[in-house]
Amino acid sequence: MIKGHSRELSVAGAIAVLFLVLALAAPGYFSRDNLTDLFLANVPVLIIALGMTLIILTGQIDISVGSMFAVCGVAAGVFVKAGCPVALAGLGACGVGAALGAVNGALVAYLRIPSIVVTLATMVILRDGLRWITQGAWIEDLPSRFQWLGFSRSSYQAVMFLIAGGLSIAIGWGLRNLAAGRAIYATGSNAEAARLAGIDTRRNIFSVFAIIGALTGLAALLNSVRFNQIPSNAGLGLEMKVIAAVVVGGAAITGGTGTILGTVLGVILLGAIGPALTFLGINAYWEKAIQGAIILAAVVADAARMRLVPGGIGRDASSAAKTHA
Amino acid sequence: MIATLLEATSITKTFAGVHALKGVAFDLRPGEVHALVGENGAGKSTLVKIITGAVAADSGTLTVAGKEVSHNDPALAHSLKIAAIYQQPSLFPHLTVTENIAWALEKGKLWHRVDWKGRKRQAVELLGRAGASIDPDRIASSLTMPEQQMVEIAKAIGAGARILIMDEPTASLSDREVESLFQVIASLRGQGCGIIYISHRLDEIFAIADRITVLRDGEAIATKPAGEVDRAALIEMMVGRPVNAIFPKREVPLGEIALELRNVSCAAAGLRDISLYVRTGEILGLAGLVGAGRTELAETIFGLRPLDSGEILVRGRPVRIASPVHAIEAGLAYLPEDRRRHGVVLEMAIAANCSLASLQEISRHGWIDAARERALAERYVTELRIKTPSVYAASGTLSGGNQQKVALARWLATGPKVLILDEPTQGVDVGAKAEIHRLIVDLAQAGLAIIMISSELPEILGMSDRIAVMHAGGMGGILLRAEATQQKILSLALGHTPTGEMARIEE
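Protein chains in written order, with this note's numbering: chain A, 19 to 343; chain B, 7 to 513.
Source of the hints: derived by calculation from the structure; they are not laboratory data.
Glycine residues also receive a C-beta, built at the ideal position from the N, C-alpha and C atoms.
Certain hints may be false.
Stated by the list, open to error - Listed next, with one range per pair, are the computed distances between beta-carbon atoms: (1) ILE143(A) - VAL120(B): 53 to 63 Å; (2) ASP375(B) - SER172(A): 49 to 59 Å; (3) LEU319(B) - ASN195(A): 52 to 62 Å; (4) ASN195(A) - ALA452(B): 28 to 38 Å; (5) VAL35(A) - VAL120(B): 52 to 62 Å.
Said to hold, decoys possible - Derived contacts from chain B toward chain A, CB cut-off under 7 Å, selection only: (6) GLY372; (7) ILE374; (8) ALA377; (9) ALA381; (10) LEU486.
Unchecked claim - Some chain B residues close to chain A (C-beta under 7 Å, calculated; not the full set): (11) SER180; (12) VAL184; (13) VAL331; (14) ILE334; (15) GLY337; (16) ALA363.
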């Protein structure tokens, strides 16, 4: 966290180059409508990516967030159709998410099952469990008070901005300044040293899974109020988008390094590039390939830097090797 | 018949500036058991690794069966009929016994179809020759330690090894199993194999070896026929170096008993019935051979391993320590052995490392007070003379000695009463070593009770008020500073008392 901000700078540079090209070749990209759409579409990704940053910082991974996103969205719809106030339905969605996350967390932290296996299982269980319960049906006929959270369209946008910005700043600030944030870095960087220093690494791991669950619930709520129905198959592939943004933002997949600023920039870069292709007249089928190339470039840049600085900044040979692999 | 199976001349090897081997010569004849003895760090393992091709020598020549080997590697060593059996068997835990043995027999043809029926017959036959009756279908991880050792031997026999290296093969064996191992060795030697035998157990050496080579500080001190040396002479050759460092030891008035262990046992850690105490102001050296259980004892005291029986008392009061959190609350601090793996968090800044074990004290309602953290870190950077441009530099950029000081700072920041240091000067250069020694003495003078684990006898002798010597998970004996010598410590560590007098065991 304190090893300079080279990754943040290079991602910011990439965003600047992208915007410069767009400004010259396709100024229509910067129309108010397009930017608003882009922003609204990426707020859920950002909110979950904040949680994923915590997960990855502790050296874990959660690939069940896409399925959790669908479950929480449907839960929000069910609550509100049952007559709950929107705020309560929202809390309910977050609660469902937190509970699901806590199950993941308990299995990973206390039964010590690898997180990739646990969340692979819960990803499938939640996705297909939801399909079975809803029989594939979408939640429709949502009350109008649910639309835009009951705000006007423009106030809703402002609220989204406040929530996304506020959460990013709060979590970023907390990671730097709270003892709990320090404990998260220490857990992911060197779990054994952290444990010897009296840090409850298992509780930390449990907590970050519960937190990402709650954030996924919030993201699902904020996303579903934009539409008239809530699909039961939402969030397909969302986990990969989120993980990609965090990795591009500079978090080491092995844990211990990464910042919220990096994640925010990662979300912006990957979120901005898809629509940009359309504006630049490039076939949209290239979108995923280009995103993949960006991820690879980010990781290769890391590996190259490790190679240039033998024993690298704050990194021993074995963890560098893990990054290579 | 060839006169020498293996000949190594003027082998040198340097690890990060430290001379592990300085021009060592060694030879092995067919049909002999050649023992290799020496203290921890004398260079035995390095020499073995060079012979097996696990590491490359910096210079020197290795001749196997009359042919010079220029670039040794494990595959080449295998084809030269060199096999090694280590203290910790290295079987594939998920494979069966047959599969493990077959692996050693395959000739490296990747697409060759394995004749499993034939391999199983061979496995049974080889196990028989190794003197073991083990079901070849069992999974390796289900075998006991001695059984795994037997499978290793069967592998070596199956590979047609002419040069067999045994590194502490009896460490986990019972007397009866040692006996049957010796029979196997006798029959191998009858077939013309040469055996390099490494052991800390001098009884075994004298029972089985034809010749003995003593390594000390990376040099081959002497090679003698086993009949021409006795135990006392051997121990003297092993430790015979002069105490070449001057330790800044000061006499400090000793206070109350800060930490006491009463009959502590922990089966998982292999510890049995350990009693010791340390007073404020005192430095208790904890000596013993690798594997004697020193680190395990430290980990048990610090709550990393559960106690089966016995009591831990801190300042006279029994305490229950089930986790490092309890240990820190009780006023204990533990600087672990492997600084890079368990000590310093390399990615983190020096300040963050210093405050890691005392985050509560520098935080208000969970918020880290950056000014207090900075003050804390700067205080220790000054006091411990940590050489760094800033307390916000990443710890990974520091030298080994300075990293160790950062790890020490973390524990001093918790305000401990008892400090357990595990190999505090391992892998740091000479200058930093002297500084760390000075710090340890300062801390004792400031009223800390210190337990210092070290494999370096001069360090133990130079720094300790008393020396507790562990042997095979138990307490071999406790020596006072005045009476302790390298010979006495080594004798206790080897589990016997050569001078005839009983070691003092204090309650």
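Hints versus structure:
For ILE143(A) and VAL120(B), the Cβ-Cβ distance of about 40 Å falls outside the hinted range of 53 to 63 Å, so the restraint is violated. For ASP375(B) and SER172(A), the Cβ-Cβ distance of about 41 Å falls outside the hinted range of 49 to 59 Å, so the restraint is violated. As the Cβ distance of LEU319(B) to ASN195(A) is approximately 39 Å, the hint placing it in 52 to 62 Å is violated. For the pair ASN195(A) and ALA452(B), the supplied restraint of 28 to 38 Å holds, since their beta-carbon distance comes to about 32 Å.
In this structure the hint that VAL35(A) and VAL120(B) lie 52 to 62 Å apart at CB holds, the actual value being about 56 Å. Evaluation of the GLY372(B) hint against chain A yields a held restraint, the C-beta minimum of about 5 Å falling below 7 Å. Hint status for ILE374(B) relative to chain A: holds, with the closest Cβ pair at about 5 Å, below 7 Å. Annotation: interface hint on ALA377(B) violated; nearest CB of chain A at approximately 12 Å, more than 7 Å.
Violation of the interface hint for ALA381(B) is found here, the shortest Cβ-Cβ separation to chain A being roughly 16 Å, above the 7 Å cut-off. Interface hint status for LEU486(B): violated, as the beta-carbon distance to the closest one in chain A is roughly 32 Å, over 7 Å. Because the beta carbon of SER180(B) sits about 33 Å from the nearest beta carbon in chain A, more than 7 Å, this interface hint is broken. For VAL184(B), the shortest C-beta to C-beta distance to chain A is roughly 35 Å, which exceeds 7 Å, and the interface hint is violated.
Checking VAL331(B) against chain A: minimum C-beta separation of about 5 Å stays under 7 Å; hint holds. Because the beta carbon of ILE334(B) sits about 5 Å from the nearest beta carbon in chain A, less than 7 Å, this interface hint is met. With a least beta-carbon distance of about 12 Å to chain A, the hint placing GLY337(B) at the interface is violated under the 7 Å criterion. With its C-beta approaching chain A no nearer than about 4 Å, ALA363(B) sits inside the 7 Å limit, and its interface hint holds.
Going through the hint list in order, the structure does not satisfy hints 1, 2, 3, 8, 9, 10, 11, 12 and 15.
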